[in-house]
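Colleague: Start from the sequences and build out the full structure, keeping to the hints where you can.
Chains as they are written, first to last, in numbering that gives the first Met the number 0: chain A, 0 to 303; chain B, 0 to 303.
Note that these hints are calculated values from the structure, not bench results.
Some clues are possibly wrong.
If chains are identical, the list can't say which one is meant, so a pair holds when it fits in one copy or spans any two.
[As the list claims (entries may be wrong)] Straight-line alpha carbon distances no greater than 30 Å define the calculated DSSO-like cross-link-like pairs of lysine-lysine that follow:
#1 Lys-274 to Lys-204
#2 Lys-248 to Lys-117
#3 Lys-204 to Lys-190
#4 Lys-84 to Lys-190
#5 Lys-190 to Lys-117
#6 Lys-19 to Lys-190
#7 Lys-289 to Lys-190
#8 Lys-258 to Lys-204
#9 Lys-141 to Lys-61
#10 Lys-248 to Lys-289
#11 Lys-258 to Lys-289
#12 Lys-274 to Lys-190
#13 Lys-19 to Lys-274
#14 Lys-258 to Lys-198
#15 Lys-274 to Lys-248
#16 Lys-204 to Lys-160
#17 Lys-289 to Lys-61
#18 Lys-117 to Lys-141
#19 Lys-204 to Lys-77
#20 Lys-204 to Lys-289
#21 Lys-22 to Lys-248
2 protein chains.
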Amino acid sequence: MSLLTVGSVAFDALETPFGKTDKIIGGAATYITLSASYFTPNNNLVAVVGDDFPTEMIDLLKNHGVNTEGLEIRKGEKTFFWSGKYHNDMNSRDTLEVQLNVMEHFDPQIPAAYQDCKYLMLGNTAPAIQRMVLERMTSRPKLVMLDTMNFWMDIAMDDLKAVLPMIDVLTINDEEARLLSGDYSLRRAAKTIMAMGPKTLIIKKGEHGALLFQGHQMFFCPALPLEEVFDPTGAGDTFAGGFIGYLAKTDNISFDNMKRAIVYGSAMASFCVEKFGSERIVGLTQEEIKARVQEFVLLATFDV
Amino acid sequence: MSLLTVGSVAFDALETPFGKTDKIIGGAATYITLSASYFTPNNNLVAVVGDDFPTEMIDLLKNHGVNTEGLEIRKGEKTFFWSGKYHNDMNSRDTLEVQLNVMEHFDPQIPAAYQDCKYLMLGNTAPAIQRMVLERMTSRPKLVMLDTMNFWMDIAMDDLKAVLPMIDVLTINDEEARLLSGDYSLRRAAKTIMAMGPKTLIIKKGEHGALLFQGHQMFFCPALPLEEVFDPTGAGDTFAGGFIGYLAKTDNISFDNMKRAIVYGSAMASFCVEKFGSERIVGLTQEEIKARVQEFVLLATFDV
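Modeller: See below:
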């Protein structure tokens, strides 16, 4: 089934204990669509870049089957830029620089050819823009998933609370779940957040895995312990892309299928952190993904 | 099969955000034997207390089928005492007071009736004492498991490294695994630590679950997300008691059975944190344990 992803396409400059990069392709929608491309061939992007964005980077997306008709290239403007530096434990990072550039006035236009998309992924951006996208869809998608972050909870909580009743799946990390709910217990936090609107909640815990909540049901998928985590940038978006890509592929939004989707998303994220930026999730094979998912099966399966 | 547990039996005074206790029964061997009592009827204890230790507390252990022949009561001396205070997130605590008392000269004697024990649990205590216990066994148990902590890595690393090649299963937490191996990656840390002796390693991650390593095999069991964590004291020991109790009950030390044992241990630990001290793991029913294990099945099971 068709997937529409709306979010940032950006330049990133990264520094980890293992090295640093110049400007490389980044942005939530980049990771989401690349990751989803391994699952669904009908993969549509709405984003904005400046005319400094290299054609090769757009070709990279196209080569992954991403429909870039909705990628606006704004003349005379610059692409969103973020640079960050990870600490030694890879669990915390400092933002060194943010240049909003074209993202400051992001006005997402949905091409007519995208209007029938059944799956909608609202990548991390201002909640008011996420809501605008929803309102610009002529028919409501079968499943709407939204990613957000603490930044928006700090400066646009009302906007965020206004969009939450309009979506189906919210994905945030554990810190953000605690911030949004005001509760330390993730199980109680999940109840509080689901009462704000989304019937399904995914709490990402980074190296500690991910929790899926829906009503009284709960599922946990571990992260794969890796010998080396090289660069965590984009792991959450790659996870989200694998998750919704798998749902779109199977067109099955049952809880059992969402459990499978979480495993596929976690497998994709485990690749992402193995190299800088999106390097590792470009050019994966279906065999590699299948083998990685089997590592999760071995890791998590028991019988009692 | 028969289990022998050697470790501390103590008084604890606890303070959590939910309240505080007077002196209650504590100590690693207390939690281990109570937890193991739900699995194996042949449950033997070696420990030392002072004559201030109330008979009712010894009766509590006896009522759980714990053989206390090896519990030395030292006249005119006082029982080991620890008091601690947990921070709001329950993940960190301050030790308020430690009185070693009888533990300062713990000289574990193994009753003749214990000598044929097939499963040996060396609860957290000085590595030199743990080694002494092993040397005092007339025949080598089928499986020897050892728990230790960062404290011993700081002050008795050589003693610890001397005992590691003599044991089968080591259980430590993630911080301690990083300290012992000098490596942040738990997967690499596990390799390094297994090269020090133990063929099997369990890394406890508290609310983030537990990892089991053996050779190239790896298994992860989540912790059950709870609405309320009331008091984490003894959770690690309760986990260890459930794990080795299950192994002793089934007398099967295959990797697949250890996976099951980890789930049972995690289920026992999930009870432990629901009330102060050992309150919740006293008087559990087999039905409660079975139902809790089923919650783990629901939490962690998926098919791809």
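Colleague: First find the shortest C-alpha distance between Lys-258 and Lys-198 inside one copy, then the shortest across copies, and answer within, between, both or neither for a cut-off of 30 Å.
Modeller: within (15 Å within a copy, 33 Å between copies)
Colleague: Check Lys-141 against Lys-61 for me: Cα-Cα at most 30 Å, and say if that holds within a copy, between copies, both or neither.
Modeller: within (25 Å within a copy, 60 Å between copies)
Colleague: Given a CA cutoff of 30 Å, do Lys-190 and Lys-117 count as a within-copy pair, a between-copy pair, both, or neither?
Modeller: within (27 Å within a copy, 46 Å between copies)
Colleague: Quick one: Lys-248 to Lys-117, C-alpha cut-off 30 Å, is that within a copy, between copies, both, or neither?
Modeller: within (11 Å within a copy, 52 Å between copies)
Colleague: My question is about Lys-204 and Lys-77: at a cut-off of 30 Å on alpha-carbon distance, are they close within one copy, between copies, both, or neither?
Modeller: neither (33 Å within a copy, 44 Å between copies)
Colleague: Please work out whether the CA atoms of Lys-289 and Lys-190 approach to 30 Å or closer within one copy, between two copies, in both situations, or in neither?
Modeller: between (33 Å within a copy, 25 Å between copies)
Colleague: I want to check one pair: Lys-22 and Lys-248. Are their C-alpha atoms no more than 30 Å apart within a copy, between two copies, both, or neither?
Modeller: Cα proximity of Lys-22 and Lys-248: none, with 32 Å in one copy and 59 Å across.
Colleague: Have a look at Lys-258 and Lys-289 and pick one of within, between, both or neither, based on CA distance no larger than 30 Å.
Modeller: both (16 Å within a copy, 23 Å between copies)
Colleague: At most 30 Å between CA atoms: does that hold for Lys-204 and Lys-190 within a copy, between copies, both, or neither?
Modeller: Classified as both; 17 Å inside a copy, 24 Å across copies.
Colleague: Have a look at Lys-117 and Lys-141 and pick one of within, between, both or neither, based on CA distance no larger than 30 Å.
Modeller: within (5 Å within a copy, 58 Å between copies)
Colleague: Quick one: Lys-274 to Lys-248, C-alpha cut-off 30 Å, is that within a copy, between copies, both, or neither?
Modeller: within (26 Å within a copy, 45 Å between copies)
Colleague: What label fits Lys-204 with Lys-160 when the C-alpha limit is 30 Å: within, between, both, or neither?
Modeller: Only inside one copy: Lys-204 and Lys-160 sit 22 Å apart there, 33 Å across copies, limit 30 Å.
In summary, the numbered hints that this structure violates are 19 and 21.
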